[in-house]
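With this note's numbering applied, the sequence shown corresponds to residues 1 to 100, in that order.
Hints in this document: simulated from the structure, not taken from any laboratory.
Given the structure is predicted, the values throughout are model-derived calculations rather than measurements.
Incorrect hints may have been included.
Stated by the list, open to error - In silico DSBU-like links for lysine-lysine, alpha-carbon gap of 35 Å or less:
hint, residue 1, residue 2
1, K13, K68
2, K68, K3
3, K11, K68
4, K13, K43
5, K43, K98
6, K80, K13
7, K43, K68
8, K98, K68
9, K98, K80
10, K11, K43
11, K3, K98
12, K3, K13
13, K11, K80
14, K3, K80
15, K98, K13
16, K80, K68
17, K3, K43
18, K98, K11
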Amino acid sequence: MIKAHTDSTAKLKTAAAGATPAITPDAQLSPAQQQTLNDLQAKSGAGFDTAYARAQVDAHQAALDALKAYSGSGEVASLKSFATGLVPTVTAHLNMAKGL
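Let's have the full structure, built from the sequences with the hints guiding it.
Take a look at the structure:
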């Protein structure tokens, strides 16, 4: 999963740079993402495992929803192509996360 995320981040940066004007993805976590990270850091053992699995499902579902929406109605061709191409990978990751 780390390789897939590293590869998709590189593809996103390339697609965003190809937009006119170029788009720079925000490297900061959203407040909700930071809260999830903080919550995970405060847990251990089975509590961590349960929270991590739920966070993975939630994050992959949100990413999939965003990708599908943009692939259908996005205005930047390079990002629309990126979104469309990533849907199968994120769907697979979501299914794996649901199996945790």
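Against the structure, the hints:
no. : hint       : in the structure
1   : K13 to K68 : holds (18 Å)
2   : K68 to K3  : holds (22 Å)
3   : K11 to K68 : holds (17 Å)
4   : K13 to K43 : holds (33 Å)
5   : K43 to K98 : holds (20 Å)
6   : K80 to K13 : holds (13 Å)
7   : K43 to K68 : holds (32 Å)
8   : K98 to K68 : holds (19 Å)
9   : K98 to K80 : holds (26 Å)
10  : K11 to K43 : holds (33 Å)
11  : K3 to K98  : holds (20 Å)
12  : K3 to K13  : holds (15 Å)
13  : K11 to K80 : holds (12 Å)
14  : K3 to K80  : holds (22 Å)
15  : K98 to K13 : holds (28 Å)
16  : K80 to K68 : holds (9 Å)
17  : K3 to K43  : holds (26 Å)
18  : K98 to K11 : holds (25 Å)
Hint check: no violations occur; every hint is consistent with the structure.
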